[in-house]
Amino acid sequence: MSEEMNTDQPILETRALGKRFSIGTRFSSEGRRVVHAVDNVSLTVRRGETLGLVGESGCGKSTLARCLVRLYDITDGQLLFEGNDVTSKSLASLRPLRRRLQMVFQDPSASLNPRRRVGDLVAEPLRVHTKLSGAGIRQRVAELFELVGLLPDHVVRYPHEFSGGQRQRVGIARAIALNPDLVVLDEPVSALDVSVQAQIVNLLADLQDKLKLSYIFIAHDLSVVRQVSNRIAVMYLGSIVEEGASEDVFATPAHPYSQALISAVPVVETTPSGRRKRIILSGDVPSPLKPPSGCRFHPRCPVAQDRCRTERPALQEHKTGRKVACHFPTI
Amino acid sequence: MAALILFLLIVAACLSAPLYARWAGVDPFTSTLDAVIQIDGQDVPVMEQSTEGLGLGYTPLGPTWRLGNYFLGADNQGRDVMARLLYGGLNSLLISAAATVLTLILGTSAGLVAGYFGGVTDTVLSRFLDILWAFPIYLLAISLSIVTIAQGISIGPITIESGSLWLPVIIIGIVYVPYVARPIRGQVLSLRNSEFVLAAINLGVPGHRILWRDILPNITTTLIVFVPLMMALNMLTESALSFLSIGVQPPDASWGTIIQDGQALLYTRPIVALAPGIAIAISVMALNVFGDGLRDALDPRSKVRLGRD
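Keeping their order, the protein sequence lines are chains B and E. The letter at position 303 of the first sequence is residue 614 when you use our numbering, and the numbering goes up by one with no holes. The letter at position 190 of the second sequence is residue 193 when you use our numbering, and the numbering goes up by one with no holes.
In short, the hints are calculated from the structure, not lab data. Heads up, the beta-carbon is just placed ideally off N, CA and C, and yes, glycines get one too. Just to be clear, a hint being listed does not mean it is correct.
[To be verified] Residues from chain E shown here face chain B by an in silico Cβ test under 7 Å; the list is partial:
| hint | residue |
| --- | --- |
| 1 | Leu201 |
| 2 | Gly207 |
| 3 | Val208 |
| 4 | Trp215 |
| 5 | Asp217 |
| 6 | Pro220 |
| 7 | Asn221 |
| 8 | Ile222 |
| 9 | Asp299 |
Taking the hints into account, I'd like the entire structure generated from these sequences.
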């Protein structure tokens with residue numbers, strides 16, 4: 312009971328969350344197969360923090376994001392929002408939760424209906440969830456537009472009349488319209504130019520301060536994640552391989568995969584002697600249809616040993632706040 | 004564009020049918036076997052004793068090519084073919100337009116619901132449409148017509164009498180529903196998984212609102228393209244049914260019934276069958292050409308080709 316009242320209670324928690332997709336039918340040539348797109352993910356997001364989620368393309372980041380906001384049905388494990396189990400709530404009973412848990416999509420040109428004016432799009436959550444009058448909605452939309460750095464007379468435009476960065480601002484305005492507590496940002500800047508990326512990242516940081524938001528920030532660009540995250544989790548083939556405070560993980564990555572990822576971030580060389588060792592992984596990401604035995608990373612791991620081929624390492628806490636799924640972590 | 008203008012001219016001509024009838028002083032719906040008209044100061048009967056063959060029966064008056072009356076001559080009941088052609092065209096156009104509206108409403112609703120909600124709803128609706136689809140169009144239309152032609156339809160408070168023009172409208176409207184529902188369902192299925200629909204679901208927008216506000220506006224181009232093409236198809240079906248005397252019932256006329264009237268006069272007065280035939284051919288062709296043009300104009304890919312976003 313006392314734990315329930317704890318102010319440190321995580322806003323979102325997953326317990327061994329998994330998402331399986333079935334491919335094909337029993338009549339197809341290879342029969343019915345199951346893909347573990349997300350496998351055994353246990354994460355916590357605390358109030359006010361930003362959890363960065365990084366990994367290669369196709370590692371299940373977006374699937375996880377869509378499970379977290381219940382756009383996909385969760386097939387294994389549990390999803391808790393403020394301690395309440397929302398794993399299998401029906402779409403209708405999720406509606407109150409939607410006010411507090413929002414999402415920004417990767418590609419703003421796909422996530423904004425091309426046939427509706429942006430003011431109408433931003434007003435949509437207000438119309439569905441609040442009893443505001445027409446004038447009240449217009450006023451709130453104008454506020455939101457100002458908050459995300461758009462002009463009030465932009466409301467009558469269609470999405471295609473905006474640049475990519477402006478469109479993403481519309482997507483953000485829509486996500487924060489109902490004053491949510493947690494926003495899942497699914498690669499919010501990946502589709503944008505580098506110069507615009509910085510603007511959007513700054514906007515997100517400002518909004519976090521102003522509105523006391525928590526973020527789950529998904530990206531494959533480590534330098535962006537490093538800039539915004541308090542903690543980061545590294546994903547490989549549907550599972551978390553390392554989790555910890557952002558600076559710690561970047562300074563001393565403990566999992567061989569994290570080490571390879573972080574060594575690939577381009578840096579400005581200040582002294583010639585300071586050259587880092589670049590770890591280049593061989594091979595491709597294995598198909599999640601046929602994941603390798605034992606540690607899923609072993610076919611590409613530079614330090615893999617026999618044990619890795621047979622025994623799958625669990626995500627364990629090796630230092631305070633540092634979890635690694637590796638038999639031979641470097642901490 | 005020329006096709007649209009041509010079609011609109013036909014529509015305008017048919018709409019002026021009552022004007023022509025009053026001006027020419029003819030009644031296109033009652034037989035006037037003993038009528039006599041004046042041509043160049045001479046009295047000419049609209050029906051003449053046949054002089055060919057065995058000399059049996061009557062041959063109606065041929066085209067006078069005078070705008071006054073009997074421009075296209077008389078049919079085998081002494082009625083003005085031109086007036087009947089215009090009145091019949093009005094019926095043909097009305098029936099095909101009404102049937103198009105009905106098909107689009109039913110087909111779009113079925114496609115939207117089946118595509119969006121999926122699962123059992125989709126299976127039940129799609130299999131039902133497959134059953135309709137499995138019948139050849141004309142076989143189904145003819146069967147439905149024969150069943151309903153004698154007594155009309157009476158479902159609850161709605162009663163449609165046997166001679167009503169609504170009967171062919173409903174029959175033609177129903178048989179083409181799968182042809183609209185299928186492509187719409189396909190489009191909805193792909194829109195269902197588009198990010199903006201996921202975003203709407205994530206905002207907690209109820210399903211019916213997503214269908215109405217997010218999905219429907221994105222299929223309107225397809226629906227617009229369907230209108231002229233469906234109308235052309237419906238016009239052909241209506242003519243076929245009426246030709247078989249199971250569509251429009253006498254004394255009403257349509258292009259199909261006039262062709263049937265003209266069938267018996269094919270050797271002596273071919274114009275009676277030819278005129279509505281040509282009218283159908285021109286209208287259907289104009290609608291098809293216009294529909295194709297519309298598709299090219301509204302197709303998003305052709306917009307990309309024009310260099311627009």
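Do the hints match the structure? See the list:
no. : hint   : verdict
1   : Leu201 : 5 Å, holds
2   : Gly207 : 3 Å, holds
3   : Val208 : 5 Å, holds
4   : Trp215 : 12 Å, violated
5   : Asp217 : 5 Å, holds
6   : Pro220 : 4 Å, holds
7   : Asn221 : 6 Å, holds
8   : Ile222 : 10 Å, violated
9   : Asp299 : 20 Å, violated
Checked against the numbered hints above, the structure violates hints 4, 8 and 9; every other hint is satisfied.
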